[in-house]
Structure formats: C-alpha cells, structure tokens
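Participant: Use these hints to put chains B and C onto chain A, whose structure you have.
Chains as they are written, first to last, in the working numbering: chain A, 1 to 280; chain B, 1001 to 1280; chain C, 2001 to 2272.
Heads up, some of the hints might be wrong.
[To be verified] Heads up, simulated PhoX-like pairs for lysine-lysine below, C-alpha to C-alpha not over 25 Å straight-line:
#1 B:1184 <-> A:147
#2 C:2012 <-> B:1021
#3 C:2190 <-> B:1117
#4 A:266 <-> B:1261
#5 B:1184 <-> A:180
#6 B:1117 <-> A:147
#7 A:280 <-> B:1261
#8 B:1261 <-> B:1227
#9 B:1273 <-> B:1012
#10 A:180 <-> A:195
#11 B:1012 <-> B:1075
#12 A:180 <-> B:1187
#13 A:224 <-> A:25
#14 A:165 <-> C:2235
Keep in mind that the hints were calculated from the coordinates and are not lab data. Here the structure is a predicted model, which is why all the values come from computation and not from measurement.
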Amino acid sequence: MQNILVKNLIVDFDVLNNDGNVISKKRAIDDVSLTINEGEFVCVVGRNGSGKSTLAKCLNALILPSSGDVIINGLNTKDENNTIDIRRQIGMAFQNPDNQIVASIVEEDIAFGMENLGISSEIMDERIDESLDSLGIKELRYSLTSKLSGGQKQKVSIAGILAMKSKILILDEPTSMIDKNGRNDLLDRVKKLNKEENITIILISHYIDEISYADRVIVLNNGKVTMDDTPKNIVLRQKELSESGIILPYIPRLATVLRDNGKNLKGNEFTAEELCQFLK
Amino acid sequence: MSILEVKNIKYKYDKYNESSKYALNDVSFSIDESEFTALIGESGSGKSTLISHLNGLYRADSGDILFKGKSIYDKDFNLTNLRFKCGIVFQYPEYQLFSETVLEDVAFGAIKKGLSKDEAYKKSLEVLKMLGIDHLKDETPFNLSGGEKRKVAFAGVFVMDPDILIFDEPDAGLDPVSKDQFYKLLKMLNQKYKTTIIYITHNLDDVIEYANKVIVLKEGTVLKEGKPYEVLTDKEIMSKANLDMPYAVEIYYELLKLGRKIDISKLKFDELKETLIGLK
Amino acid sequence: MIRDITLGQYYKTESVIHTLDPRVKLMATLVFLISLFISTNIFAYILATVFLLAVIYLCNVPFLFIIRGLKSLLVLLFISIIFNVFLTPGETIFSFGPLSITKEGLIIATKMAIRLVYLVIGSSILTLTTTPSKLTDGLEKGLSFLNVFKIPVAEIALMMSIALRFIPILIEEVDKIMKAQMSRGADFEKGSIIEKAKSLIPLLVPLFVSSFRRANDLAYAMESRCYSNANNRTKLKPLKYKRIDYITYLILLLFIILIFITRYIKIDIRVF
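Isolated chain A (complex conformation) (with noise of 0.2 Å):
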C-alpha cells in the first residue's frame, strides 16, 4: 500500500531585495519524485540548504508545490479541502523543540493537536496516557514544558502527533539541539514506534549518524534526490556521497579505509564490533 507519493515536485521560493519586491526564484525541490510506503523508516541527508526540511513541509501541505503533486494516501496536498486530513494523517515534530510546544503544561501540550479535531475530553484523556506511554515518559504528564531538557521536549512534540492517531511521523532535525545521550535515547524510541506500532517514519537529518537507524537512506543535493538506497549500501558509494557534500560517518570510514588497505571488511559496517570482526 502506498502512503506518500511524490510525482515531480519543483518549490521555487521567491527571492526579495530590498523593498520587498521579487527578484528572481530560487529553486528549492527540483523534480523530485518518490514514494514512501506504510511502515518505512526512511532518513533524508543532505547538507545545510540541500532542501530536505523543504521537502518535508511539502508533504503535510506546509508548503504546496510550484508544479507537481504530492498526494498522501490518496489525498493531493493542492487541494485545500484536503488539508485537515492530510495533517491528521502526517504529524511533524520540528528543530527547535521550544518553539513548537504550545502549552505550559505537557498533557495540555499534547491535547493541542486532539483540541483542534474536536475530540472529546474524556478521549483525549485516554489517549494522552497512551501515547506518553509508548514514549516512555509517562511521568511528565503534569510537568511544566518550560522545565524539560530538549529531548524530552522533542518527545512531548511525537505524543502530541500520536495523540492524534497519525500514522506518518516527520522528524526535521529533531535531534540537532539536543546532546548526544537524549539523541540516541529519542532515536531508539521512534525505532520503536516503527517497529512495535507500524508508524511510517521519515528523519531528516544532518547527523549522517542517524542513517542507521533507517531502513532506507534519501540523499538530497541541490534539491535533487542523488541517492535512495539502503544505509548498508549507501556508505559504499563514498565518491557519489562526498559529490551531495556528504561525510561518512566515523565506523563505516575507517572501515573504508581499512578495506581499502587490503582488509576483511565491506566498508559498511556501523559498530565497533562488525569493524573489529576483520582480526577474527
């Protein structure tokens, strides 16, 4: 079944001087066409301005395209009606954790969303323990949002999105303002949620790190998809990653180089362990 479908997406952003008035365009999506199926833990990589956070707001109808279409689950983001369901549908947990939390409190945080699709109280609820749960921070239901460390912040931002019943989760970046611990901790919690509960997710990301975390890895350049491959295979292609602008990250490199020197190894390994397996 297919969840995300992406047929020839071209955004031009206008570009401003001065006095407000349009220059020129500036393409940020170039004919990009891709799809993403129910279940899928997808990573997008790509360096600073590459487009990846673009693309990511087109698809919950954030951004509507300059040609093109962008249909989820069947519903085009071009048509207005279709809005609402979309973003249902999609939930998105963005950069910066302050500034997408809405509320002082984190239960009132997370009934945002369920608020705005007229749930009922006693629904809401139910389902804020849910999804506090499935997070693993049940605890801080009635903590002050302002209190929270920015992992726990970007994780109150998923609750809120599974409150409402999405089924597709884009993270953008969620883990650059946060330090190494609550990154992996916050990683290994969406790797669950796309195992335990079927949740497609789609991770943009600046931390070429977190490409192991995904089943499939999205390399954007220019605003050009350059590579879509599995992350085994994607840090085989050095030269073509280094072209998106793209470093390994520090195992498979050195396993690279490694091989490179006439070692037993693919290039592709990710822990300690699969790289110290060449002595055995």
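Facilitator: Using the frame of chain A, we list chains B and C on its own:
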C-alpha cells in the same frame, strides 16, 4: 605558564532559595597558554554557566578566577578589558548579529575596544579574509546561511584580538563538511597563533581529534581533567558523567576484548587507522 | 537581573488557590484591585492586608518568590514616592530650600506605595497559581459574551496564552543576547540616556529577529497540528465550578462589602 586559573568557584542561580542546587559547586582547574581544551558533560552539568564566569559575565558566589596571575575580582581589575582578552562565541550566532552589513557587525567589538572606525574596518576585513568570507562584507548578516552566520559571529569576536577564545558548542547545527572546516580553522589558530582555545562540545570523536585537554563536568563539579585519551577511556568517569564513549574508544575496548592491546595515546583517526592497518 | 521578573510565571505546587477555577481567581484579582483604589482609610488597608496575607499563606508559594517581582518595580516605586512626597501641597513638616515635605504628601506617598506593591503582589499571585492556559481559558469563558460584538475572544485568548508561555523563553533569550553582546564590549549600563538607548540596538535587533523566527516556526507547528479555527475546538479540561469556587465567590462578596463599609467609618487619621 597558566593563563587562566579557576579556584574553587561556586555559583547558584536561585540565590533566594536556600535549598536550591549550585550550578557550579567548587570548580577548580587551570588552563595553560596555547592549550586546546574541550569542556564536556551532559546538558545541565554547568558548562555554559562556567564559561560565562571566565570573562566575568557572571560573578562567582565564592572562589576566585586568575587571568594571567591576577584575580579578576580585584577592585582595580579591568573587567571590560578582560572581555576583549577572553573572547566568547556563544552558541547561536543570531544572538550577536544586528548591523546592516557584515563588516559593520564584525567591527563592533573592535570599535568598543577603542580602535578608530577606519582601523576597526580594516582589521575586520583582514579577519573576514582569513575566514574566507570577505566577499560577504556588504551583505546583511540576516540573509546568510547558518555556517556563514557562525563565521561572522566568530569574526566579530576574533577581531578583538583575544588571547583566549571560548566557544559554546561551535559545531551544533553545522553539517559535517562545515564542521570539519571549522575545526581545522581552530586547529590552525591554535598552532600558528598560539591562541588558547576552550570549547564546549558533545561531539567526543572530535575531542580526540582536535583537543589536547578535556575537562568533564557533572552537576557543577569537575569529575576529571586530563589528556583526551586519559579521560575518554576512563569507563568509570564516562558512565558517571552519563556520556557515551566516542567511536575510537569503543574500538579500543573492542580490540582489547579480542586480546589486542593498542597504544591508548594514539586514538586520532589517522593514528588509529595506521595501528589497525598494522594489525594482523 | 532580568531573571527576577516573575510576572507571567507559573509556580507549580499544590494548594487551594491553585485548584480554584480561573474565573474565580480573575474575579478575585479584579475585586482586590478595585478594593485598593476605593480604600480610603486605615481599616480598608488592614482588611486588604489581611486578605492578601491569607491568600499568600494559602497559595503555598514561597514568600520570597512572590515578592521577587517587586524588584523590577523599585525604580517606579521610588519615583512615585519622591514625586508625591515633595510635590503635594499642604501642611509642611520639613523643608530645605525650595523643597518641602508635607504631611499630605507623606500620606499620599504611603498610600501609593501600598497600592502599587499590593497590586503587583496580587497579580503575581494570579499568574503564579494559574497556568497560562487556564488563565486564558478563564478569560475566554468569562468574556465569551463579547462574541456577540464579533470580537474573536477565542483567538485572542489563545494568542495570550502563547504570549505568556513565551515570556520565560524571551527572558532567557534577552539574557543570552546580553551576554553575547557584553562579551563584545557592549555596555548596557553606562552613559547618558541617549547612549543607553543606542546601546539597546544590539540587544533589540537580535531579539526581534529571533522572535519573528520563533513566531514563524510556531505557526508551522500549530498548522501541522491541524489548527485552523479557534472556535470549533474542544477543551481537554472544560471549566466547571466546584463547591470551593462558590464559597470563594461568597468570600469575595463579603470582602468587597466590608471594604465599602469601611468608607463609612469616620476616623481621625491623626490618631495613627
């Protein structure tokens, strides 16, 4: 000779509340001239609070800080002058940029330091050239990319000719390529101009690569300080500090498990690579 | 410095005051403020003090935390006292040169000071014990009659609650920007008024830039969570009056009646 000595400083934010925790609790360490020091620790361990003490932005509740042997808390010590000598670049460049052009913005600190406008602009231009962004001098700083903004913010501090450069998470939000460039620049400044560098980071692999000293903080106290390979390979300290080990250290221990003991002081990427290539 | 502002901050703890319906608390604050301005003699002030102390005792927020908000008010307080003490005409108690302190001036200054301090403490308690969203829920429901006049009460209420939520974040941000600029030699304290105003530019520009970015991000986040029209929304916790709320309304009624009664107690102020 030590350029900076921190002696038993204590600091708490909530001074009204007797039972509130100290953000810094008896912190002592010293920094030698032209050292390249990484300050690590989980979120909330006091790293940012600590660097704000080093140029006198915060005043410790007790304890002392010596800059080149003189207490910065002495009545006749010139704190404004210290700010020029101890340049801090904070995490978000957006918090620093305010002028109409990049050149003007960079010159701000130099003018505050007492240079004439012409001198300040000349000097700013030199710094921009050194960073390879002199073509941006007439742009407005707000339209730059994240990496460029960061360079401008850095230029704005560097133009004051500081003896010590202090950074709060200089790599957060940078893509791997820009990050590499940035660290190489720091290394160059450190080696060529003997600039003392102190920086906060979560990226421990880079600490091994670039720093020659590490200080680990936990709940406002120094857990350990020393050479990167001494500190980062200390399992007990790392788990106490709630930090994940860098990949190089993981590989070191993995090799140890396989009965191969390699030189612990050679964990930089290239050194590790050579060692591994040499292993049969 | 800047962290001392307590207005708009919620203090999380458990107390009777915290559990009250926000409409009751809004009404109580209003009644209290009115009582301050119609108080004419010492009895009214004693009554208001007792009322305030009772609330402070009941709300379970540390006293020092409550009065922290006064710190930012000291300058204003000082100016108003100076003006009143020296510029009120009347019976001179003490004079040097052209300046003279009058008895009336002293009385008015004291009244003003008490009013100002009580006003700040009273409204601080409201925000300290009520989460911004409850507060705005209360306003929304309490003012819903304005809908008749096509005033978008729900939207305004949501805007307010978001504004309140961002106060602590903005305060922290100002702190960070100040630190960044002070590290480049900026000085926000020295100089004449014009110089001071000029020195604020490096502070205000980044603050505006970042606020606009936050607003933009937040709008995206809200939209992607299906926000479209504030009127069709349901509420996680619809407001409902409890017994304690009705009791509080009664106490408030009693309080305001007592305040009115004090107006008719004739008393010669010189006794005190």
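Participant: Does the alpha-carbon distance linking residue 266 (chain A) and residue 1261 (chain B) stay inside the 25 Å limit?
Facilitator: Holds, at roughly 24 Å.
Participant: With the threshold set at 25 Å, check whether the alpha-carbon distance from residue 180 (chain A) to residue 195 (chain A) stays at or below it.
Facilitator: Distance of about 22 Å is within 25 Å: holds.
Participant: Check the hint pairing residue 1117 (chain B) with residue 147 (chain A) against an upper bound of 25 Å on the C-alpha distance.
Facilitator: violated, 44 Å
Participant: Next pair to validate is residue 1184 (chain B) with residue 147 (chain A); report whether the Cα-Cα distance is within 25 Å.
Facilitator: Given pair residue 1184 (chain B), residue 147 (chain A) is violated - Cα atoms ~36 Å apart, limit 25 Å.
Participant: Quick one, are residue 280 (chain A) and residue 1261 (chain B) close enough, alpha carbons at most 25 Å?
Facilitator: holds, 15 Å
Participant: Within 25 Å, alpha carbon to alpha carbon, are residue 180 (chain A) and residue 1187 (chain B)?
Facilitator: Holds, at roughly 23 Å.
Participant: Would you mind confirming whether the straight-line C-alpha gap from residue 224 (chain A) to residue 25 (chain A) stays at or under 25 Å?
Facilitator: Cα-Cα ~16 Å, so holds.
Participant: Is residue 2190 (chain C) close enough to residue 1117 (chain B), meaning Cα to Cα at most 25 Å?
Facilitator: holds, 21 Å
Participant: Would the pair residue 2012 (chain C) and residue 1021 (chain B) pass a check requiring their Cα atoms to be no farther apart than 25 Å?
Facilitator: holds, 18 Å
Participant: Decide if the proposed pair is consistent with the structure: residue 165 (chain A) and residue 2235 (chain C), CA atoms, cutoff 25 Å inclusive.
Facilitator: Holds, at roughly 18 Å.
Participant: Does the structure keep residue 1273 (chain B) and residue 1012 (chain B) at a Cα separation of 25 Å or less?
Facilitator: violated, 45 Å
Participant: Verify the proposed pairing of residue 1184 (chain B) with residue 180 (chain A), using a straight-line Cα cut of 25 Å.
Facilitator: holds, 22 Å
When held up to the earlier numbered hints, the structure conflicts with 1, 6 and 9 and fits the remainder.
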